[in-house]
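K.L.:
Given only the sequences and the hints, what does the whole structure look like? Please build it.
Residue numbers (this note's numbering), protein chains in the order written: chain A, 1 to 586; chain B, 587 to 918.
Calculated from the structure, these hints are not laboratory results. Each statement offered as a hint is correct.
Cross-link-like lysine-lysine pairs, in silico, PhoX-like; alpha carbons within 25 angstroms at most:
id	chain 1	residue 1	chain 2	residue 2
1	B	Lys883	A	Lys262
2	A	Lys388	A	Lys537
3	A	Lys442	B	Lys914
4	A	Lys442	B	Lys815
5	A	Lys341	B	Lys624
6	A	Lys176	B	Lys720
7	B	Lys874	A	Lys262
8	A	Lys110	B	Lys720
9	B	Lys873	A	Lys262
10	B	Lys897	A	Lys341
11	B	Lys815	A	Lys443
12	B	Lys692	A	Lys86
13	B	Lys679	A	Lys341
14	B	Lys699	A	Lys86
15	B	Lys720	A	Lys161
16	A	Lys161	B	Lys679
17	B	Lys883	A	Lys442
18	B	Lys868	A	Lys262
Covered stretches of chain A (chain B as the covering partner; in silico rule of three or more C-beta atoms under 8 angstroms from a C-beta of chain B):
id	stretch
19	210-221
20	275-284
21	348-354
Even for Gly, the Cβ is constructed at its ideal location relative to N, Cα and C.
Residues per chain are reported as follows:
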Amino acid sequence: MSYQALYRVWRPQLFSDVAGQEAITQTLKNALIQSKTSHAYLFTGPRGTGKTSAAKIFSKAINCPNRVDGEPCNECEICQSITQGKLNDVIEIDAASNNGVEEIRDIREKANYAPTSAEYKVYIIDEVHMLSTGAFNALLKTLEEPPANVIFILATTEPHKIPLTIISRTQRFDFKRIPIHSIIKRMEYILGQEEIQYEEESLPVIARAAEGGMRDALSILDQTISFSQERVSVADAMRITGSLTQELLLDYFQAMIDNDTKEGLAILQSLLAEGKDPLRFVEDVILFSRDILIYQQTSGKEELLKQAKIDEKFKKITEKLTSTVVYEIIHTFNQTQQELKASNHAEIYLEVATVRLTEQVASVTEQRVISTDPVAQTENNDEISNLKVQLNEMHQLIKKLQTAHSGQAVPEKKKKSKKISAGSIFKPNKTAIFQVLDHATKKNLAELREVWPDLMNMLTVTQRAVLKASTPVAASPKGLVVSFQYDILCQKATEDTELNKDIALHLQKLVGYEARLNSVTEEQWPVIRKEYIRQLKQHDSEDTNENAEKSEQSPQEKEKDAGDELVTEAIQLFGQEIVKVKESSV
Amino acid sequence: MRTIIETSDSKQVALVQHFQHLNRINQLGHAYLLEGSKGTGKKQTALRVAEAIHCIHPKPDGESCGKCVNCSRILTNQHPDVIEVEPDGLSIKVDQIRSLKSELSKSGMEGNKKIVIINQVDTMTVGAANSLLKFIEEPEGDMLFFLLTLSKQRVLPTIQSRCQIFHLQPLPIQLKIRQLEARGLSTSQAHLFANLTNDDDEALQWDADEEMTQLVQSVWRWYVFLEKKDMLAFVHVQTELMSISKDREKHRLILEILLFLYRDSLRLFYDEKTTILAFIDKQAEIKKFTNNRTALKLIQCIETILQARKKLESNVPAQGVYEQLTLKITQG
Numbered sequence: 001m002s003y004q005a006l007y008r009v010w011r012p013q014l015f016s017d018v019a020g021q022e023a024i025t026q027t028l029k030n031a032l033i034q035s036k037t038s039h040a041y042l043f044t045g046p047r048g049t050g051k052t053s054a055a056k057i058f059s060k061a062i063n064c065p066n067r068v069d070g071e072p073c074n075e076c077e078i079c080q081s082i083t084q085g086k087l088n089d090v091i092e093i094d095a096a097s098n099n100g101v102e103e104i105r106d107i108r109e110k111a112n113y114a115p116t117s118a119e120y121k122v123y124i125i126d127e128v129h130m131l132s133t134g135a136f137n138a139l140l141k142t143l144e145e146p147p148a149n150v151i152f153i154l155a156t157t158e159p160h161k162i163p164l165t166i167i168s169r170t171q172r173f174d175f176k177r178i179p180i181h182s183i184i185k186r187m188e189y190i191l192g193q194e195e196i197q198y199e200e201e202s203l204p205v206i207a208r209a210a211e212g213g214m215r216d217a218l219s220i221l222d223q224t225i226s227f228s229q230e231r232v233s234v235a236d237a238m239r240i241t242g243s244l245t246q247e248l249l250l251d252y253f254q255a256m257i258d259n260d261t262k263e264g265l266a267i268l269q270s271l272l273a274e275g276k277d278p279l280r281f282v283e284d285v286i287l288f289s290r291d292i293l294i295y296q297q298t299s300g301k302e303e304l305l306k307q308a309k310i311d312e313k314f315k316k317i318t319e320k321l322t323s324t325v326v327y328e329i330i331h332t333f334n335q336t337q338q339e340l341k342a343s344n345h346a347e348i349y350l351e352v353a354t355v356r357l358t359e360q361v362a363s364v365t366e367q368r369v370i371s372t373d374p375v376a377q378t379e380n381n382d383e384i385s386n387l388k389v390q391l392n393e394m395h396q397l398i399k400k401l402q403t404a405h406s407g408q409a410v411p412e413k414k415k416k417s418k419k420i421s422a423g424s425i426f427k428p429n430k431t432a433i434f435q436v437l438d439h440a441t442k443k444n445l446a447e448l449r450e451v452w453p454d455l456m457n458m459l460t461v462t463q464r465a466v467l468k469a470s471t472p473v474a475a476s477p478k479g480l481v482v483s484f485q486y487d488i489l490c491q492k493a494t495e496d497t498e499l500n501k502d503i504a505l506h507l508q509k510l511v512g513y514e515a516r517l518n519s520v521t522e523e524q525w526p527v528i529r530k531e532y533i534r535q536l537k538q539h540d541s542e543d544t545n546e547n548a549e550k551s552e553q554s555p556q557e558k559e560k561d562a563g564d565e566l567v568t569e570a571i572q573l574f575g576q577e578i579v580k581v582k583e584s585s586v
Numbered sequence: 587m588r589t590i591i592e593t594s595d596s597k598q599v600a601l602v603q604h605f606q607h608l609n610r611i612n613q614l615g616h617a618y619l620l621e622g623s624k625g626t627g628k629k630q631t632a633l634r635v636a637e638a639i640h641c642i643h644p645k646p647d648g649e650s651c652g653k654c655v656n657c658s659r660i661l662t663n664q665h666p667d668v669i670e671v672e673p674d675g676l677s678i679k680v681d682q683i684r685s686l687k688s689e690l691s692k693s694g695m696e697g698n699k700k701i702v703i704i705n706q707v708d709t710m711t712v713g714a715a716n717s718l719l720k721f722i723e724e725p726e727g728d729m730l731f732f733l734l735t736l737s738k739q740r741v742l743p744t745i746q747s748r749c750q751i752f753h754l755q756p757l758p759i760q761l762k763i764r765q766l767e768a769r770g771l772s773t774s775q776a777h778l779f780a781n782l783t784n785d786d787d788e789a790l791q792w793d794a795d796e797e798m799t800q801l802v803q804s805v806w807r808w809y810v811f812l813e814k815k816d817m818l819a820f821v822h823v824q825t826e827l828m829s830i831s832k833d834r835e836k837h838r839l840i841l842e843i844l845l846f847l848y849r850d851s852l853r854l855f856y857d858e859k860t861t862i863l864a865f866i867d868k869q870a871e872i873k874k875f876t877n878n879r880t881a882l883k884l885i886q887c888i889e890t891i892l893q894a895r896k897k898l899e900s901n902v903p904a905q906g907v908y909e910q911l912t913l914k915i916t917q918g
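P.N.:
Below, the structure written as structure tokens:
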């Protein structure tokens, strides 16, 4: 006789042996005791929870002549022949292999014959989710009203694949995942019976890795026994399940707290090199994070923890981690878990998660440190920017009124300025540019750059020629700044009122607002930008003082230079005061 | 003919010895799931165990002699009691499992244990996997299943729970590099190929392949464009990458190589001295690029590439995938 796997040897033969499903086994026993059994049962649940075992025990119990309290005796001829799978009246069918209508028709026909040696004819249809639609429907009528003394037991891991019409004709029992302590108890019993030595601590490790499946647990136990030969040790259990020691997990968490990405990656590398299962690592981290959360919230109840053992190091780590960080860890690893299942680049996914967490935990903690201020600050900022916008709007309103009043004076000067500047180097209109920069946003610029080619297409050929060697460098809803490669083109663009009007018009169509064109040469642009930034800083520090000072200075400069450029600049910069200045200068 | 044994010797010695030991004390289970990436010696391990079981003159420690009739027949794939199942086309079909089952319902040809080796179990159709379930749980008669897979996550959990699972560890990368160097590869090639594959033969093939060298260089240029945020990267996809790579395998390699370039970046970012880089000769240049990057930006790039890989696997046209990748990395 060759060696038999533990889960085959120790398949439960009594309802009381089925671990972790007390509610179901008790219900079945009571039904047997009171002779109120149904003619069709559906057993569903994850792998290794005892569906097939329960079906077999039930078929024995209902046929056993020496039934005691709903349990089969396991000694009579009928019980034994069922256990060996020899009894003609208990038919176990693998629905995955016999999934066609033909096979079901066969069952239907044979079900009409009375049982030969036992009292009931029991059909156990395992993996029933694999039946074809036709087969399911062929089964429907028989399942609803089978001949007397025929019982159907359907077992499956995937109840969602069973048609509702089948489910409604059966009594459904949902087998739960077996709790860890039940698995441990059962393994203790089996090891005791097999007379194998074991370390107490090794069983929880195996039970956790089994994820609620008794067969998984026994498979792993089998493997551990064959590895350790004499004695089931914790180290072997850890190695076979690929579990991490608490020490290693704590080191990993410590690396996250210290934002030591290098250390985190090193830990990851070393444990993968040891052959740890990446998926188990992810699960261990999530479970451990859960334990940390529970520990923090329950102020240290050890019995609620699933994995962690409370020691000095564990306490220290839980003190340092905040729940936000732990949530972040769980979230990231949850995502990684999804990715891992569909990929064979486990190592890289884990590295990404590690880097992200070690870097992010940093930012999260930093945020927390100054958390009281930033909230208030952002609110303040919002308020300030709102005020600024309002102030600017007011400024512009005033300016409009002014230009309306001094409508005659300004154009005259502009004409003059043209004559003067025609020969000289181009001087950009800094004020206007600064105003644009005040409102400039990245979004506007991006928008503008996107429509720039369209804009070019809308212009006439000569206009396009002027703008050919130019690029927009800044934009706001009120205006845009364009840099030109050549002075001469820059000059032309500024002077060409037709062009300016057209651009404004076209932009209105393209982006929905009228923007004024401001030109600048390529060399000047960086200088102007720097100047603007400088000014902005000054404004921030000595806002009111400066304004007053400048307004005093400006009249003097005016007289000296009389350059019309400066006049316009002053108008736009200082608003009200300039009205007076102009009057005196004219 | 001895090559199988020699390579498996160097790959999974401990595991094979473990099985031989179990065989000697008659404690072999009936179903084992061997998981491991390509070239980790899954099949060799299974064959070695089959030899050990059937060997006429086994050595005292349970090791097969490798010379007797049975051993040589297993080596040449001719033993009637060692049955191998390979995917028929892209997957293992129900009919294959059915015929396997009817084959196994007969008693062993030579009266011994029957050994079934199923390759790429993950490619089994739903029907095939399910019809194997009941059979593998309580096989009738004396038999031993070896299920081989690249990733156990893709195997039905109900099958997993019926097997003892072994994860076959690939050789440490340092060792792989040394082996490849011993077989005549240059240092830089050995580093790159050791990262890309576990399979020595594949690496040697690549080394001799002119197209592969071209591919690597092309991806390198792509990487440089990407890191400089040069939009030529976009043009590069059309002009070079698309013209070099004709089949899916090449496309997969392109992303793989790019992935390792960014992974090297990440490692160099943290100044790791211990780890083995894929692009050992380009270290200085990669390092220069990483200086203007943050770690979060780098892992964003890596994630983008991983996403691109997924898209490629689900049959999105390669050019679109590359172009999207280019835009995401240069503008992100």
